[in-house]
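Engineer: Residue-level listing of the chains:
There are 2 protein chains.
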Amino acid sequence: MKISDNGILRCGEMMAYYDISGCYILRPNAMKIWNIMRTYFDAVLEKAEVDENYFPLFVSASVLEKEKDHVQGFAPEVAWVTKAGKSDLNVPIAIRPTSETVIYPYFSKWIKSHRDLPLKLNQWNNVVRWEFSKPTPFIRSREFLWQEGHTAHATEEDADNEVGLVLEVLDHYRHLYEEYLAVPVVKGMKSENEKFAGARYTTSVEAFIPETGRGIQGATSHCLGTKFAKMFDIKFTNKEGKNELVWQNSWAYSTRTIGVMIMTHGDDKGLVNPPKVAPIQVIVIPVPFKDADTKEISKACCAVKDALREAGIRAKEDLSDNYSPKWKYSHWEMKGVPLRIEIGPRDLAKNQVRTVRRDNGVKADVPRVGLVEHVKELLGKIQQNMFDVAKQKRDDACVVVKTWDEFVEALGQKKLILAPWCDEAEVEMDVKRRTKDEVGAAKTLCSPFDQPEIPEGTLCFASGKLAKKWTYWGKSY
Amino acid sequence: MKISDNGILRCGEMMAYYDISGCYILRPNAMKIWNIMRTYFDAVLEKAEVDENYFPLFVSASVLEKEKDHVQGFAPEVAWVTKAGKSDLNVPIAIRPTSETVIYPYFSKWIKSHRDLPLKLNQWNNVVRWEFSKPTPFIRSREFLWQEGHTAHATEEDADNEVGLVLEVLDHYRHLYEEYLAVPVVKGMKSENEKFAGARYTTSVEAFIPETGRGIQGATSHCLGTKFAKMFDIKFTNKEGKNELVWQNSWAYSTRTIGVMIMTHGDDKGLVNPPKVAPIQVIVIPVPFKDADTKEISKACCAVKDALREAGIRAKEDLSDNYSPKWKYSHWEMKGVPLRIEIGPRDLAKNQVRTVRRDNGVKADVPRVGLVEHVKELLGKIQQNMFDVAKQKRDDACVVVKTWDEFVEALGQKKLILAPWCDEAEVEMDVKRRTKDEVGAAKTLCSPFDQPEIPEGTLCFASGKLAKKWTYWGKSY
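Chains as they are written, first to last, in numbering that gives the first Met the number 0: chain A, 0 to 476; chain B, 0 to 476.
By construction, these hints were calculated from the structure, which means they are not laboratory data. Mixed in with the good hints, there may be bad ones.
The list cannot tell twin chains apart, which means a pair is met if one copy fits it or any two copies do.
[Unchecked claim] Below, a list of computed lysine to any residue pairs in the SDA-like style, where the Cα atoms sit at most 20 Å apart:
hint: 1; residue 1: K362; residue 2: E332
hint: 2; residue 1: K46; residue 2: I35
hint: 3; residue 1: K82; residue 2: I19
hint: 4; residue 1: K315; residue 2: P27
Keep in mind that this is a model prediction, so the values were computed, not measured.
Only chain A is shown next, with the shape it has when bound in the complex (with noise of 0.2 Å):
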């Protein structure tokens, strides 16, 4: 669905408008999910032995402008503070749009020898763009919550490999959306008009919403070569005692995440959560008909609720009694809790309820008798339900393209794109040129990293030089 879609968000108490235009306010919900993923991170981040630190949110215009193609991309978007009280500041400092040139002036005091390498921190914090197009809730706000990841090594091998961490850092973006937020995603590679500023590549996990026909940017994993290094005198003395320049990675994802998942998964009834990050993953209601013993089925939905907790399943009970079971039913459906758990009079009888699941809407009747079990089962069926299905609109949505003419017609349906590609930037610049008034500029997604063979003299579908890669290609977020 898309995002903002008759207020579904704020129904489902996602987000909040705000009064400062392109800033939001993550509700509880947004916050339960943001932590479950943090949970996993902060786990995978102990293992790599990064070490968690924060820097502060500002950052003086001298450091900011250090590393020219860095504060290039980023310049347009900083927020400025000029003021405080009533004293205009000396000189302005602006607002972290991101914290490379916050941090890196401390490794170069930080890091002496080869042996304070590798130097691997990360820090959870907000971070500031202020974006003039239209801000959308969690896919573009003007501020938005983050981790980002930042290391050094001593060696290009050590950066590119397993120590450097930028391949197993976007496998656990990966898995955040696939196996937490059941969003298929590929992996692969930003091209050079598309890559992070001021980075010698970046890797990126991209999505794709069929409904709009656009990509999204999921999460991002930089390699920075020397660059910053050079601007910001990293040096190291290595084992054999002659100073080198360290190479520097960093990485991020950002709340951006839970915008991904709900568009992917929401439909005409509010949201859908996937089970493995749902803030409520069974809702029991009690379905009390005339003459029934409401007592008697409400303690049932309790005793039903309590069982479920026990077991590590966060599960609620609803028995308000203002609202009719029908009312309850849309409002749960509507923020997306998984799994409904009815218990009325029959089934209080056959010692049973009854299950209706949010992703499908099928209905089944359950015995009490290992009925923890059977909805351990029925969340796990669900989750992989909600990943396969995005899988399949995602799969249909793409189209493998060979000229220029099936190019613009696909991007005109809407369509996910992989072409091959002459990997020229100046023909990206082109294509984006050439498509922005027709049916609305089209980019490079990534090239993944699970390359299609590309046969002897297969030609770019936009230059007709010869091509190098597959790529995938869209209109994006």
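Got chain A sorted already, so can you dock chain B onto it with the hints?
Structural biologist: What follows is chain B alone, placed relative to chain A:
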């Protein structure tokens, strides 16, 4: 110890100075302590059904200025964003110094009926107070991390009793200080002058640093009454169908906690971390005398470390070969590791280790058999001893005074002063004025909840009027 003495903080790798005055880098050891406390407090919040949310960093001027007392308190320290990219903003936007005015307009939208109450929210975030007085790491910084809780209730009674959490949360703050950081604190009520800007009343936990003779507010929990509700129009329909204002509370603790811990326990050798929050609880160091079997000793060190880790103790070994054992002792003492284990050839032969406590330097030979249990106990003893010693020092620094002369004398002697007071704001202002030039301005810290008896006819030490309560006074951070 005084914070920032001899670069101890930097060497202890708790923080680093940053190129913007008043902003500091929180390094991994500080973040580990912060996260251990956060884990405790998050569990408290979950049990109390306080939901986590995240409100924006920015607040518009018109909203910030709505509650007059509140804005007067914070206005001099507010940082203003006036530019984004190259454009001037139409209206300057403030960075939150705290989030009452950020959050409460939305309480007004979300709270409609008595069924929506109580509303209990918390967020973990950064706030900015652009202080112009001398900044100190952890204690007074321009940006700091904290949690801020905000609740709304149907009645004054609910706001004041356990539903409102004011005193419950305050006791958890005491718990964090006393049980985690081994810092004794006093729970009490702030004076009219010292209460939170806009609050009905403010409660706090107060610590005292004998070495500097200054009190320090550890954390605060406020009863806001209906003041913000009036300004932001936060009303609900009660059970009788009538509109009423909500009663509100807010409470916060910040990274200042870590600063208080450092000042309380630090000594000439560096930091002393209480075991409960120590990032490393036990450091294991090999002591290979000449001709000793270095390999076997290293192996023993690793085995001990592994056994401790398996039991959930945060242990680490230092096998680096470029430093002497003596250098390592100083290094890990400076970092504040509560317990050192040394293993030399003699220990190896006797199947024992040498333990050295950071808090009191006591050394002991301990058999390898049963070592893990022994270390667990020892860490508990160190934790308790650190608290006992700190409490003894604090108590020794406390004097009861009854006259102005005694008060001034005690103040000159860097004492924590308990005095009978008439509880009049004007008198506190007067005490501040009268002490300012002589020995440094004194103010109230708090009136302890645990009040000694006040004999009838006892007079205020400052005004000579009838005393209403015992109150702690002192210079303060």
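Engineer: Of the hints stated earlier, which fail here?
Structural biologist: Every hint satisfied by this model.
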